[in-house]
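Note that the numbering used here numbers the sequence shown so that position 22 is 8, with each residue one more than the last.
Simulated from the structure, these hints should not be mistaken for lab results. No false leads were mixed into what you were given.
Quick list of in silico lysine to aspartate or glutamate cross-link-like pairs, EDC-like style, CA-CA up to 20 Å:
(1) 72 to 30
(2) 130 to 120
(3) -12 to 6
(4) 90 to 134
(5) 66 to 30
(6) 37 to 6
(7) -12 to 44
(8) 155 to 145
(9) 45 to 30
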Amino acid sequence: MKCLILDSSTKNLYVCLIVENDIIYEKYLEGRNDHAKNIVFCIDEALKSAKIATEDLDKIVVGNGPGSYTGVRMAVSVAKMMAVFKGVELNTISTLCLMSSGYKGIVKASIDARRGNAFSSVINTNNNESILEDGLYSYEDLEKYQCDFSVDDSSFKVDPFYCVNNSTKVENPHLLVPNYLRDTEAERNLK
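Construct all of the structure, not just a fragment, from the sequences and the given hints.
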């Protein structure tokens, strides 16, 4: 199996290439404002390191949010285009699940959503049980959850095999919509 994993929803751009049972390429690149210029470069670097072309991939797994509006769209758009134009299977995983995947036990993953809120989830990664679904929560409400690990969008580690095994196949890539969890500030101001 040749699988590319992408996520650009957080402060860290994440790109990983798995070939069979080996991690051939894995990169965390910090700098939310640089994801657009780095994502294609990292994908190209990953494919070249394995000496394969996009159409040789069996699967793409993309983190589909929640997170930065622009960030979520970048990886999702790139993954959709690769799936549609190169005929590669597309799968999704919650960005919060991706952030939790590198830890064993009960993990709380949070992305700052401003104004005292966070996009967050609590997952038992030992059995993939969701204790708290992806959602927008106040930091005060999140304090109630006792966890083995708490990670945020600037400090997390990914288990790419967990991501592949816990991803969901997208039947029609054209219909994939990022999971924003709330309206943009402009949309909220119109209401």
